[in-house]
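Sequences and hints are given; from them, build the entire structure.
Protein sequence lines, in the order shown, are assigned to chains A and B.
Each residue of the first sequence is one higher than the last, beginning at 16 in the numbering used here.
Each residue of the second sequence is one higher than the last, beginning at 3 in the numbering used here.
Just so you know, these hints were derived from the structure itself, not from any lab.
One thing to keep in mind: the hints can contain errors.
[As the list claims (entries may be wrong)] A short, non-exhaustive set of chain A residues, derived as facing chain B with CB atoms under 10 Å:
hint : residue
1    : Asn18
2    : Arg21
3    : Ala25
4    : Asp39
5    : Ser41
6    : Gln43
7    : Ser44
8    : Ala47
9    : Leu59
10   : Leu76
[Said to hold, decoys possible] Distance windows between CB atoms, simulated:
hint : chain 1 : residue 1 : chain 2 : residue 2 : range
11   : A       : Glu72     : B       : Ala94     : 52 to 58 Å
12   : A       : Met16     : B       : Leu173    : 44 to 50 Å
13   : B       : Ile37     : A       : Glu72     : 28 to 34 Å
14   : B       : Met93     : A       : Arg27     : 27 to 33 Å
15   : B       : Ser98     : A       : Ala64     : 52 to 58 Å
[Stated by the list, open to error] Only part of the chain B face toward chain A is listed, based on derived beta-carbon distances under 10 Å:
hint : residue
16   : Leu68
17   : Tyr73
18   : Ser75
19   : Leu78
20   : Arg80
21   : Arg84
22   : Glu137
23   : Thr139
24   : Tyr142
25   : Leu143
26   : His145
27   : Glu169
28   : Arg200
29   : Gln202
Everything numeric in this text was worked out from a predicted model, so none of it was measured.
Where a beta carbon is used, it is the ideal one built from N, C-alpha and C, also for glycine.
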Amino acid sequence: MKNRLRALRAERGWSQQDLAQRLDVSRQSVNAIETGKYDPSLPLAFRIADLFGLAIEEIFLRD
Amino acid sequence: MHQNDTDPAKVWGLSYHGWAAVFVAAMGCAAALNISGVVQGSARLWIMFVPLVLVPPMWIAQARMLGKRGYSSPALARYNRRLGLAGFCYMAAFLSVVHVFDQYRPGPAATSGLAVVAILPAVAMIVVMVRYLQEETDEYLRHRATSAALIGLGFVLVLGTVWGFFETFGLLPGLLAWWVFPVWAIGLGAGNFWLARRAQ
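Structure follows, in structure tokens:
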């Protein structure tokens, strides 16, 4: 699944480690999601959406 | 020691790849000596023990390498600590049990007790892995651990099936069944390594 996580993170000037700490996950989790190698569960997708103040479908896009 | 200070991912100066190479070489030598029939009796066990000794430092080096690459969580740190301890107990129990058996040749009841002593740390290692999966809150790391375990399972099933048929037709010698766990652990390590490379 495609997503805008890298762009949203860059807009805020956060590193992957910064985002990982805010989401309480490992840096590799952020990297795997950003690169589309891992699709997060619905609870984690909601946490990501809440952090950026967006709806899930504004971050994660259909292929 | 100096190299440990400069590169925290190394264990006694060797990286994970270094330990893996030494382990594979030791496994190859031990397997060749066993299969060729050069060694017989309890010496077969002692020789196979050599590569096993290399597993804990190889695992620790791998954990350090993965931690350096951002694969870290409190549950993973606990898992590595517990697995290191259980692994050490496994080696110590294995060594002690083979020594006692060799020296004293105890009766069936005592031998059963010795077998249990060797089994318990191996079971503890499996329990440590189960607890990790229960405690890990990072879903990606949990997914990675589950995938690596499945790769290990596939590895041991394929190897066991292939070996079993070759053994049935007398082309390979009988293999002691306790090897299933170390072989699974090798598959687990290889799976972890492959998944880490794929994620880069």
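What are the numbers of the hints the structure violates, in ascending order? 1, 2, 3, 10, 13, 14, 20, 21, 22 and 27
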